[in-house]
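So the chains spell out like this:
Protein chains: 2
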Amino acid sequence: MASIKPSVPKGTRDFSPTEMVKRNFIFDTIKSVFRKYGYQQIETPSMENLTTLTGKYGDEGDKLIFKVLNSGDFWDAAQAKKLKDETFEYNTKRLTPIISEKALRYDLTVPFARYVVMHQNEITFPFKRFQVQPVWRADRPQKGRYREFYQCDADVVGSDSLLNEAEFVLIYDEALTKLGLKDFTIKINNRKILSGIAEIIDKSDNIIDLTVAIDKLDKIGLDGVIKELMERGFTAADIEKIKPVILLQGSNTEKLASLRNALESSAIGLKGCEEIETVLNYIENCPLQTGILELDITLARGLNYYTGAIFEVKTNEVAMGSIGGGGRYDDLTGMFGLKGLTGVGISFGADRIYDVMDELNLFPAAANQSTQLLICCFDKDGETFSLPVLQNLRKQNINVELYPAGAKLKKQLDYANNKNIPFTIIIGSDEIESGLLTLKNMQTGVQEKCTASEIIGILNKYSICYLIKKSDR
Amino acid sequence: MASIKPSVPKGTRDFSPTEMVKRNFIFDTIKSVFRKYGYQQIETPSMENLTTLTGKYGDEGDKLIFKVLNSGDFWDAAQAKKLKDETFEYNTKRLTPIISEKALRYDLTVPFARYVVMHQNEITFPFKRFQVQPVWRADRPQKGRYREFYQCDADVVGSDSLLNEAEFVLIYDEALTKLGLKDFTIKINNRKILSGIAEIIDKSDNIIDLTVAIDKLDKIGLDGVIKELMERGFTAADIEKIKPVILLQGSNTEKLASLRNALESSAIGLKGCEEIETVLNYIENCPLQTGILELDITLARGLNYYTGAIFEVKTNEVAMGSIGGGGRYDDLTGMFGLKGLTGVGISFGADRIYDVMDELNLFPAAANQSTQLLICCFDKDGETFSLPVLQNLRKQNINVELYPAGAKLKKQLDYANNKNIPFTIIIGSDEIESGLLTLKNMQTGVQEKCTASEIIGILNKYSICYLIKKSDR
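Going down the list, the sequences are from chains F and Z. Counted the way our numbering counts, the first sequence spans residues 8 to 480. Counted the way our numbering counts, the second sequence spans residues 8 to 480.
Careful: at least some of the hints might be erroneous.
Where chains are identical, the list cannot tell them apart; a pair therefore holds if satisfied intra-copy or between any two copies.
[Said to hold, decoys possible] Computed list of lysine to aspartate or glutamate pairs in DMTMM-like fashion (alpha-carbon distance at most 20 Å, straight line): (1) Lys150 - Asp421; (2) Lys456 - Glu129; (3) Lys29 - Glu129; (4) Lys468 - Asp388; (5) Lys415 - Asp437; (6) Lys150 - Asp362; (7) Lys63 - Asp114; (8) Lys226 - Asp35; (9) Lys38 - Glu26.
No lab work stands behind these hints: they were computed from the structure.
Please put together the full structure from these sequences, using the hints given.
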């Protein structure tokens, strides 16, 4: 067989060791915060039954689901023939269900709902779970959009307390602070406020049109929004009535006061204000470390299924879409027959957070994930001398490698430099005779003679300095 | 839409929080040992081009590859029609290439080879990589065999030093010791010894028949092996000559001496002996902590592509197949056009290790992955009082939850028990007045009044005891 130049499917990526260290830093940080707030990890299979996924993401979403071909003889010839006899010719839409019954996970929310329903008798509610796994979408690949990417979700089901909403604000704040972000905004809104706005102009049925238009305020300004609202059938009187709401100004408290005024005739609108106020009060008792919490009534993401709080997080340091989002949905598991379970959840956009951190140079040197010391030797004698040294250092939990005997020293030092190994020891005949080792700091070039136990001290000190620097954040 | 009882595809699994803690313990332990030995993590996409995978696993393997249906209109109607005109009717084998061009990863070795060839200019050789990711196989599901399961592989390419083989023995020993296994055997063999055995009876072409038969010694005994060898065309004289080799007895050194005698006429056989001896000498300089290293010439796994060392690990505490294996292959990347790169690698069977550890009750209490403390309160006042306490404890990196106000105490304590939360604080009016908290140890039932900072001390002490217990292993 002629060998072909290998490649990966478009929209998918390899992750090199350097990238993995950075990605692990993000995932480990987010997971540790989820755990600190009492969230427990689950995992679900990469493949779900097609029936579990179909119809949950709208027509556009359904098209983007990667379907897995049945294994073996993927179609039943008789069934295929029957299909053909009915329709004269095969077509892809009718063929799909007979050649595929499984598909790749499209998000983590639907599999989570399926999980909750399947395992409802083992679960203690409220159930606080987090999940960090890849999802697949047959989207057109473009910069920052991939066909395989990780989602990091935390959700709680079975509790309607707004303490959960407040804790998600705290989780965003703590995780992003730990990752080193210095200026970000956690936007919050409530679906009930949007319903209230539609209600006061008697356009409850047109809430989608309304929110799609005002969602664009940032991009097209007030005049643009008004123009779009007119095109979508709203009257000048409608617009006059909701203009003060769209142009809400001031602190969160001031915005809330104006909103209460404007929505005084809408019970649902006032309920939304009350919910927002409760969350704001919680946060007043537990001030955020870094993030700014901002009530933003133009926020409408995922309106189709959110019923209460809506979240979105943006960094103010780099031009970038949202790096997180979520909200409350009152009937997550209804699609699988378990009614009345309310849930609220958030998601971190790990790929975008990666790009932000890379641009701002926020990744720490990853001392504890990489090799800390390379032992270089020249010949079999050096190798034999080095082996017990190597294993003693490893017993002290130091990540250390011995370069196999026989390579030139330059090659060995290049290896250390390419792998960013901070220290080397070179074992020559002097070292073998004296038992004293020469430790070289590869960044400063400084060399010092020391015993094996002194080396342990120096390396541990180096790691601790790194850890202190890291926990400084 | 009528709701259907949800399920997962056969051969796939959900992992609950309890299972995830255990799985993470296994993966984290293995990864930390890989890192300690200088291995760096990479990840490759779940989907590979079908051309990358096809033809690499034999005909049987090819059938077990999960193929992904092309997205959108998955077949080109003109192409499909042309195919039909040629063959009168569609058949699955001919259809597959026009409806699918991607497939799910079948193992980690072929994607690794593809990675090395694609990134050869960025990689510093020797390249020591590890990879822990799921793979998918359309195998018939049965006990202990799944259609989605994780592999944990470490490989080094670009170094022919037998130090690598010795280090893999040390990695197996260290990782399995850390996981708490107390009695396991690391079996080692060398393909060159098997070639030597075939050579001394002049049956080099029948090496597969030979090894398939002697591989069964454990199961069918010497008489069974002889019977099978006769059936496969070996003569009585052949069998007389290789009998002493099959029945090799004594220590590794004694076995090696007997082998050298038996294989003295085979250059390749003697080379195999020399390689084994070198590995044994390395290990003599770095004694194993727990494992027993055993030369076992009946070991032949993966013979098709191994060219040097062959490894297999078995626990002696539980009846179970191998929990690890690997070997050296001289031309891993040749299939993608990069010749002459030698590699050696091992794999841990995480699912089987999980079953062994579960049976032997080796999983530690996972204090640092779960909630350590639940704060219970009765009403909004209690909640308000608790919030700053909660956040202060979290600042000390304690995993802590506040149960939202409004639930009965019994429900809250049940929640703590079901989640295995070791401590609770109950905030009533007394506590709010005095500021003194009552900490309850949920295992012993002991309660003590203490301040918030004393609680931090107790919880940290509890965690440290846990960590010490863990590092005792």
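Tested hints:
Proximity of lysine 150 to aspartate 421 under the C-alpha cut-off of 20 Å is found in neither arrangement, the shortest distances being 34 Å within a copy and 48 Å between copies. Taking identical chains as interchangeable, the C-alpha atoms of lysine 456 and glutamate 129 are never at most 20 Å apart, the minima being 60 Å within one chain and 34 Å between chains. Proximity of lysine 29 and glutamate 129 under a CA criterion of 20 Å is satisfied inter-copy only: 18 Å between copies versus 36 Å inside one chain copy. Proximity of lysine 468 and aspartate 388 under a CA criterion of 20 Å is satisfied in neither setting, with 30 Å inside one chain copy and 47 Å between copies.
Proximity of lysine 415 and aspartate 437 under a CA criterion of 20 Å is satisfied intra-copy only: 18 Å inside one chain copy versus 74 Å between copies. Taking the shortest Cα distances, lysine 150 and aspartate 362 sit within 20 Å of each other inside one copy (11 Å), while across copies they are farther apart (43 Å). Only within a single protomer do lysine 63 and aspartate 114 lie at most 20 Å apart by alpha-carbon distance; the minimum there is 10 Å, versus 31 Å between protomers. Taking the shortest alpha-carbon separations for lysine 226 and aspartate 35, neither the intra-copy value of 35 Å nor the inter-copy value of 45 Å comes in at or below 20 Å.
Within a single copy, lysine 38 and glutamate 26 get their C-alpha atoms as close as 18 Å, and across copies as close as 16 Å, so both meet the 20 Å cut-off.
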